[in-house]
Structure formats: structure tokens, C-alpha cells
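Novice: We have chain A; now place chain B onto it with these hints.
2 protein chains.
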Amino acid sequence: MKRPLILISNDDGIQAPGILALVQAARLHGDVMVVAPDGPQSAMGHAISVSTPLRVTPGKLLDGSPGFACDGTPADCVKLATGVRAIMPIKPDLVISGINHGNNSSVSCIYSGTLSAAREGAIQGYPAIAFSLCNFANDADMGASREIAGRIIGEAIEKQLAPGQLLSVNIPNLPLEQIKGIKITRQAMGRWVEEFNERIDPHGRPYYWLTGRFQLLDEGEETDEHALADGYVSITPMMHDLTEHHRITEYKSWHWSL
Amino acid sequence: MKRPLILISNDDGIQAPGILALVQAARLHGDVMVVAPDGPQSAMGHAISVSTPLRVTPGKLLDGSPGFACDGTPADCVKLATGVRAIMPIKPDLVISGINHGNNSSVSCIYSGTLSAAREGAIQGYPAIAFSLCNFANDADMGASREIAGRIIGEAIEKQLAPGQLLSVNIPNLPLEQIKGIKITRQAMGRWVEEFNERIDPHGRPYYWLTGRFQLLDEGEETDEHALADGYVSITPMMHDLTEHHRITEYKSWHWSL
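Those protein sequence lines, which keep their order, are chains A and B. Okay, so the first sequence: first residue is 1 according to our numbering, each after it adds one. Okay, so the second sequence: first residue is 1 according to our numbering, each after it adds one.
Just chain A, with the same shape it has in the complex (with noise of 0.2 Å):
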């Protein structure tokens, strides 16, 4: 069998140390080519870049090994890479994106940098996983992620997930031997409460940073939430239809007339 081709992107950098550890666990099972934000790109949602141009130049991981660096968003190093035959002149086999410097999980999942790389590789027809370290410390121990992200890619690609499905996966900050196991489940109701932390600057201007804290809306047992904090890998299928087809025949009873 051909040894897969592996694309590999982050929202934090191709400096990260995340990304370095996704890289070392995806070299288990295929090649990998490395294609993410210059910087760090966090809670930059699913934006792309449309009214500036892109470039991409020749970087380096944190060990040295190569990859390319894009000053756009982590779906615009997903598009590019699959789009422009310079960088990428192979289609890949697999997209993934991470290991993120946080977790991605309830609705993180629509802010997230990480899962919009993995998304627009979905997007596009390539199966995709996103993985999430429930860290967001720099210097995050990566050791059971790294394991945990290589036995997830090794059973994708047995299991031949298909194109265009996107897997999320979020990985308790445990040591490895105190990882109970791995769950599916599905994104847990929550929100952020903001927090707005008002300061004036010199010129006696306000300025707002944006703060907040988690706010679980959810009970259910079988939520990414609810295993993470029970101790498993939470992996959560996701996908990029927004409708909420359960309502379409409630709205459809109501007055739309012109």
C-alpha cells in the first residue's frame, strides 16, 4: 500500500510545539507536509483572506524539520496548500490540524483556528481531524498527545475515514496511564460569558480586552464535555452544515408573506 500523504496545519503556528508533536505522530503513517500560519492564528473562527494577498515561504518546525509558513489564516494554509500545485504538487490523503494549545470543545468549536484548518480540508474532500490538548500553556507536556494523536491517525487510516468527514478529537491534560479511553460524543450547549476588561490608554482612551469564563448549558453524559472531565479522548464527528433542519417545519408554519 502507498504510504499516505499527510497535510498537517495549526492556529498556533508553525513555531508551536503542538504542531512538531502531530508531525511526529503522523510520521508513524504516512508522509507529512506542513503547511501553518507564520503566528499564532487562535480563535480566528473559519476566516479566509479575501482582500489580501498571501504569501507563503519556506519554515521550520521547532526541531528544525521543514514545512512552508503563510501569513493568512489556518484556512487559507489548508487552501493553499490544496489549491496551488508550487506547494503542494500531490493531493493529500488526510488533513490534519493541531495539536491546538487548548481544548476545542462545546461551542470553542466555532471559534476555533484548529478545527477551521480541519474543516477546510473537509470542505474540500479530504477526510480531516483536528486535535485540541486541554492546555493552552506553551510548554504543555505533549507526550500522551502525541501517542494518543498517533493511534487516532493510525485507525483513520485503516478505517479509511472518508472524504469530506471532519473528526474533532480533545485530549484530557492527563498523563497517559491515567487516560481512562476514548469516547465518541457529540459537542456539549454552552457559552462564553464575556467578561470586558475596560483599561485606559495614555491618551486617556478606553480600550477592552475581550476575557470571559466557560459556561456549561449541558447535562448530558455522552458530551465532549462530559468526557474530558471523566478523564477520556473525546472525539467528536462535526460537520459544516449549519441547518437546523428539526425547525425548518416550525418556521414554515409561520406568516412569510411579501
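One or more of the hints may lead you astray.
The list cannot tell twin chains apart, which means a pair is met if one copy fits it or any two copies do.
Mimicking DSSO-like on lysine-lysine, the simulated pairs with C-alpha atoms at most 30 Å apart in a straight line are [as the list claims (entries may be wrong)]:
id : residue 1 : residue 2
1  : Lys-159   : Lys-180
2  : Lys-60    : Lys-91
3  : Lys-183   : Lys-60
4  : Lys-2     : Lys-91
5  : Lys-180   : Lys-91
6  : Lys-2     : Lys-252
7  : Lys-252   : Lys-183
8  : Lys-159   : Lys-183
9  : Lys-180   : Lys-252
10 : Lys-91    : Lys-252
11 : Lys-159   : Lys-91
12 : Lys-159   : Lys-2
13 : Lys-2     : Lys-60
14 : Lys-2     : Lys-180
15 : Lys-159   : Lys-252
Hint data in this document are derived by calculation from the structure and do not stem from the laboratory. In this text the structure is predicted, and so the values were computed from the model without any measurement.
Specialist: Just chain B now, with coordinates in the frame of chain A:
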């Protein structure tokens, strides 16, 4: 009955003709408060600003009426408006966004800044509606859209669109008398096929412009794209749970061991 307070944002910026049309439509039904980006923020997806602080300054719409201009993303605008008492002392009864210059149908829902502003309102627990006109021109005729937006806002208020519910409205680029009616739809499957335009800068270095053409992958008659092509206004109920629920059982059967 108390006159509703309607928060209005967009992604084309406070000076866009589209947001003025939406303000005019909303004034028929309530008091309005505008907090919009200080410049164009198209294709920002659901990006939020976590690494840079936000500024909010008094701004003006095209007709001189007052609003707030924010240097963040569309989602930031709604977070700030609903989170900072100095900006919006009273919580809104409805959050609306648009009228976008360009459609936000099919897969564009995931890239759209217009939708992200309304979606942020829904996540924060308000009823929310995004409006988009199928014409990207800055000088697009907003007459029919203003009229239609007014009627939809009225119906949503009368029927008490529920907290957390999000409707995405797309309006065909036709005179009012040629629009056949309103259809409740689902998001069509589709994708943007990238066609990067490579150029060389004066210093000999390449850069890329992201272009592309939309590829519809869905023959369904109940989709947003079908309704619009047929001359109907499309209203799609949208959610922010991205879980692909119907695949959970399938993935549970895989061999996920640690």
C-alpha cells in the same frame, strides 16, 4: 407593548449602504442600536479578538445617524455590545446583521462575517437574524431588501422568535415585484473551488490572491440555492451545534483503544 430594542451589526462596516437599509427596516419595528466594524470584515468567519484589545468609538452611518464603530470582527461587535454596559446599557430584544453585500448561502455560511455577528447573538441567548442580498456591488439597489427585511423582522417579533434561534435570510437580486415569495430552506451542499492567482512582486517574490468559483453539489429543491435561483427569498434556520449526530453510532464501532 414595549418597543423592542434591536442591536444591528454587519461585516461590510458601519459605512456600508447595506447596514443603513437594515437600520431603516428595523426602525419600523423598534429602537435601534448600531455596533459595527469600522471597516470591511468580510469572510472573517466566526473570528474573535483574543490577542489584541478592542476599541469602540462613536461612528456614523451613511445618512449621518449615530452608531458605534469597533476595530474588531463582526462577532467582537456583538460581544462588546452585549457585554459592556457603557456601550449598550439595556440588553437587546433582537440581534440582526447585514444587509450583506453578497449572498451567504450554502457553504458560505461558514465563512460569513455577517452570519457570525448574528450567530454570536444567538450563542449569547438572543433571537438573531442575518440578512444578505445576492449582489456583491457596493452600490447594489437595497430597495427590495429593505422592504423584505422589514417584513421578516416584523414577523420574527410578532411570532416571538425564541432566544438563541438564528435565521439566515438571503434575498435574490431582483426588483420586489419579481420576487415570488419566501421559502424556508436548508443549506445546500457545495464548496468553493480555489483558483489561486499567482503574481510576482517587484522584488521577485510570489504572492497569491485567493479566487474561486462556487460549485453546487446538491440537486435538492428544498435548498437555499434552489430557492434563490427560482426567485424566492430563502430563510434557513441555523445552529451552532456542529456535531454530525447521525455518524456517532458508526464511529463508535471503530476500534478506538489506547
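Novice: Would you mind marking each hint as holding or not holding in the structure?
Specialist: Verification of the hints:
1. Lys-159 to Lys-180: within (22 Å within a copy, 48 Å between copies)
2. Lys-60 to Lys-91: within (22 Å within a copy, 48 Å between copies)
3. Lys-183 to Lys-60: neither (34 Å within a copy, 51 Å between copies)
4. Lys-2 to Lys-91: For Lys-2 and Lys-91, only the intra-copy Cα distance (13 Å) is at most 30 Å; the inter-copy one is 58 Å.
5. Lys-180 to Lys-91: Cα proximity of Lys-180 and Lys-91: none, with 36 Å in one copy and 44 Å across.
6. Lys-2 to Lys-252: Close across copies (27 Å), not inside one copy (51 Å); limit 30 Å.
7. Lys-252 to Lys-183: Cα proximity of Lys-252 and Lys-183: across copies only (8 Å, versus 37 Å in one copy).
8. Lys-159 to Lys-183: Within one copy only: 17 Å inside, 40 Å across.
9. Lys-180 to Lys-252: between (46 Å within a copy, 16 Å between copies)
10. Lys-91 to Lys-252: Between. Shortest inter-copy distance 29 Å satisfies the 30 Å Cα cut-off; intra-copy 43 Å does not.
11. Lys-159 to Lys-91: Answer is within: at 20 Å inside a copy they meet the 30 Å cutoff, but 49 Å across does not.
12. Lys-159 to Lys-2: Within one copy, since 15 Å is at most 30 Å while 58 Å is not.
13. Lys-2 to Lys-60: Intra 26 Å, inter 60 Å, cutoff 30 Å: intra-copy only.
14. Lys-2 to Lys-180: Neither: 33 Å inside a chain and 54 Å across chains, both beyond 30 Å.
15. Lys-159 to Lys-252: For Lys-159 and Lys-252, only the inter-copy Cα distance (12 Å) is at most 30 Å; the intra-copy one is 40 Å.
The structure is inconsistent with the numbered hints 3, 5 and 14, although it conforms to all the rest.
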